[in-house]
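K.L.:
In case you want the letters, here they are:
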Amino acid sequence: MTFMGETNSLIQIKGLRDGLLVSIDDAPWAEQRIALIAQVDAQPAFFQGARLALDVASQVLHVNELVDLRDQLSERGIFLWAVISESPTTETTAQLLGLATRISKPRPEENRQFSVDDLGEETALFLNRTLRSGTRIEFAGHVVVLGDVNPGAEIVAEGNVMIWGRLRGMVHAGAKGNKKAVICALDLSPTQLRIAEEVSATLKPQNNPSPEIVRINGDGKLQAELWSPG
Amino acid sequence: MPAQVITITSGKGGVGKTTAVANIAVALASDGAKVVCIDGDIGLRNLDVILGLENRIVYDIVDVIEGRCRLKQAMIRDKKLPNLYLIPAAQTRDKNAVSPSDMNRLIKDLRADYDFVLIDSPAGIERGFKNAIAAADRVLVITNPEVSAVRDADRVIGILEAEEKGPGALIINRLNPILVKNHDMLSADDVLDLLAVELIGVVPEDENVIIGSNRGAPVAFDPKSRAGQAFRNIAKRLRGEKVPFLDLDHTGGLWQRLQRLAGRK
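Top line first, the protein sequences correspond to chains A and B. Letter by letter, the first sequence follows residues 0 to 229 of numbering that gives the first Met the number 0. Letter by letter, the second sequence follows residues 0 to 264 of numbering that gives the first Met the number 0.
Worth flagging that the hints you see were computed from the coordinates, not collected in a lab. In this text, all values refer to a predicted model and were calculated from it rather than measured experimentally. Where a beta carbon is used, it is the ideal one built from N, C-alpha and C, also for glycine. Each hint should be verified, as a subset may be incorrect.
As the list claims (entries may be wrong) - A few chain B residues that don't get close to chain A, going by computed Cβ distances all over 10 Å:
1) L43
2) E53
3) G66
4) R150
5) A195
6) V242
As the list claims (entries may be wrong) - Using 35 Å as the maximum straight-line C-alpha spacing, the simulated DSBU-like pairs for lysine-lysine come out as follows:
7) K129(B) with K11(B)
8) K79(B) with K107(B)
9) K13(A) with K164(B)
10) K13(A) with K129(B)
11) K164(B) with K11(B)
12) K223(B) with K11(B)
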């Protein structure tokens, strides 16, 4: 996606997967910098909080110039993280300032959305670890966790959710409306559970945890039952 | 031997990061180690105050990074311990003045000449935190025995794992044995049960910590303080010694003192 081309032909702004790429040409740096800041100030809401990579073509830039720009952007809530250049001097400058000079490296993703495009309907995501606070797992199938789900962690699954461990976070099973979905855990002390559109707040904490299974009962409410084999 | 670079972080603010850095640094330096502490909380600097070095600051970390002074010029030597140094934060800039690779370069220059580099992280999980952990060999996560602080510590541990800085080791700060005994406070076991990481220290609640911080004389200098002892033990564990954990639940000394504090006697 390219836009705002006509307002200022010097500067091109593109959306990347994880931020913005601003390309400028070889016109004098001072002009380019003013033009870029003017663009930003014209649309503060769009730029606010953006991760920005800057392609400066063959401009030769020194530490002061890039520091000034980085500070100006930073004041506007924009994080300059990369400068791409054909000039070795500029590249060295960028490296000196701790900026990336290549933009292909993917960022580590904390909140992953898994895709099941190639898989059948009855697929499950198996997670062999404890989900800590701030982790969000979304999956268009079943989710199985071998580990704990800590308070502040979230699982949103279109199918069932099984926790082989302690469930103390939030789980939403049948997230696309499947009322038959179930949630089970070895120790069920969640912050909140949801199945389809039904929500239940904290279930009573247990002194002697035992495996339980939660489903929607005849009254349309979430109900937990002790799980017994057979 | 090159320096061990240790960052102390927490997620939640106000749990005692800066106090812990100051005290562990004092304890390590009292044992003869060469120690540099770096205040990573740019824009909200505190470590200089707690170490009592506020009035000696001429240059700060941003001056070093932006080339206005040499590294040695920004290193302030402690009043009492000649082998303890502080690199203060800048008070008039924000976290964006420093990048993770700035930190890496700065610390690379320190590694050869010192035994420990301790970095005080700002609260939060944003830029300042990323700067603070960038160069760390080891991260200590500090929490109080309360639900919100533990939740944030859990988040931070998750991020450390994602950034391949290991799960970190845990300091539980400001534990009050009386509240724990009456089931009014999470116990060390409750906290560990949730976080499931290595424990490196439990520091009891102790009013001398605040008094020491206000005076610019960290409690680790005080041989009688239990909190000071807990910090000295953490320092020993960082040096690889096996030190038993303090028995906080005994009937003499601190116990009675705390009961007096709580108005029970």
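K.L.:
None of the hints should be skipped; say for each whether it holds.
P.N.:
Right, here's what the structure says about each hint:
Even its closest Cβ contact with chain A, about 16 Å, leaves L43(B) beyond 10 Å, as expected for a residue assigned away from the interface. Annotated as non-interface, E53(B) keeps its C-beta farther than 10 Å from every C-beta of chain A; the closest such distance is 26 Å. For G66(B), the requirement that its beta carbon stay farther than 10 Å from each beta carbon of chain A is not met, with the minimum near 7 Å. The claim that R150(B) is not at the interface with chain A is violated, since a C-beta of that chain comes within 10 Å of its own (minimum 5 Å).
The non-interface label for A195(B) is inconsistent with chain A: the shortest C-beta to C-beta separation is roughly 7 Å, within 10 Å. The beta carbon of V242(B) is kept farther than 10 Å from every beta carbon of chain A, the shortest such distance being approximately 28 Å. Our distance criterion of 35 Å between C-alpha atoms is met by K129(B) and K11(B), whose separation comes to about 15 Å. For the proposed pair K79(B) and K107(B), the alpha carbon gap of about 26 Å is at most 35 Å, so the pair holds.
Taken as a hint, the K13(A) and K164(B) pair is honoured in the structure, with Cα atoms around 33 Å apart against an allowance of 35 Å. A hinted pair counts as satisfied when its Cα atoms are at most 35 Å apart, and K13(A) with K129(B) qualifies at roughly 26 Å. Under the criterion of a C-alpha separation no larger than 35 Å, the hint pairing K164(B) with K11(B) is consistent with the structure, at around 19 Å. A distance of roughly 29 Å separates the Cα atoms of K223(B) and K11(B); the hinted pair therefore holds under the 35 Å criterion.
This entry does not satisfy hints 3, 4, 5, going by the numbered hints stated previously.
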